[in-house]
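Colleague: One letter stands for each residue in the lines below.
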Amino acid sequence: EVQLLESGGGLVQPGGSLRLSCAASGFTFTNYAVSWVRQAPGKGLEWVSAITSSGISRYYADSVKGRFTISRDNSKYTLYLQMSSLRAEDTALYYCAKGICGSSASCLSFDYWGQGTPVTVSS
Amino acid sequence: DIQMTQSPFSLSASVGDRVTISCQASQDISNYLNWYQQKPGKAPKRLIYDASNLETGVPSRFSGSGSGTDFTFTITSLQPDDIATYYCQHYDNLPPTFGPGTKVDIK
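From first to last, the protein sequence lines stand for chains C and P. 53 is the number that our numbering gives to position 53 of the first sequence; each next residue is one higher, with no gaps. Just remember that our numbering sits 1000 ahead of the position in the second sequence, which is counted from 1.
Simulated from the structure, these hints should not be mistaken for laboratory data. Glycine is no exception: its CB is placed at the ideal position from the N, C-alpha and C atoms. Misleading hints may appear alongside valid ones.
What the hints assert, rightly or not - One-sided and incomplete, this derived list gives chain P residues near chain C with beta-carbon spacing under 7 angstroms:
(1) Y1049
(2) F1062
(3) Y1087
(4) N1093
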């Protein structure tokens, strides 16, 4: 059974940093691109970032470029999102989502999602 | 970036009704389109991929059609368990973007 378990969310002050993790199981993590998708309270879904199966290529939404860094440790089956210079508008539930293949934009069809970890940016 | 629009924003229908949601892409995305169902407090669940393929285990009352820029999602006979928000999403290129969602309720 595919499982994605996010952790690391919490309350942080504007300008602060936070590191999210997503532990994967039930599939060969090293074969798939994975993404972070967020959902602000009462709002829709927003893709945040993706990383290819090898970790070589990383992609970001314009809204987080230069502030967020995606990475993965294939030996630990874990995805990360390092978030810095956080703003109030980054407040959201952050989901980890599995792509359907390894390394192209057309892989970013999300067949499995975690339950999300909440991030609140407030003073 | 490709913009995804959906209509209606919300709808209320009776049990057994046929429900149709439209999704339009700002440029040709071939059939690189998903439909997700999100129930309150839950993660999104993919129902349809490649515009018209039903995810394994998803009831056959759900279907999708279309290609290029215009897509349709249909529930042939609305059930109480279908109360949710439905999102379309393209994956033709980067960034993958979602439609704003359509909230479906029971009348």
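Colleague: Next, verify each hint and record whether it holds.
Modeller: Verification of the hints:
1. Y1049: holds, 6 angstroms
2. F1062: violated, 16 angstroms
3. Y1087: holds, 6 angstroms
4. N1093: holds, 5 angstroms
Violated hint: 2 only; the structure is consistent with all others.
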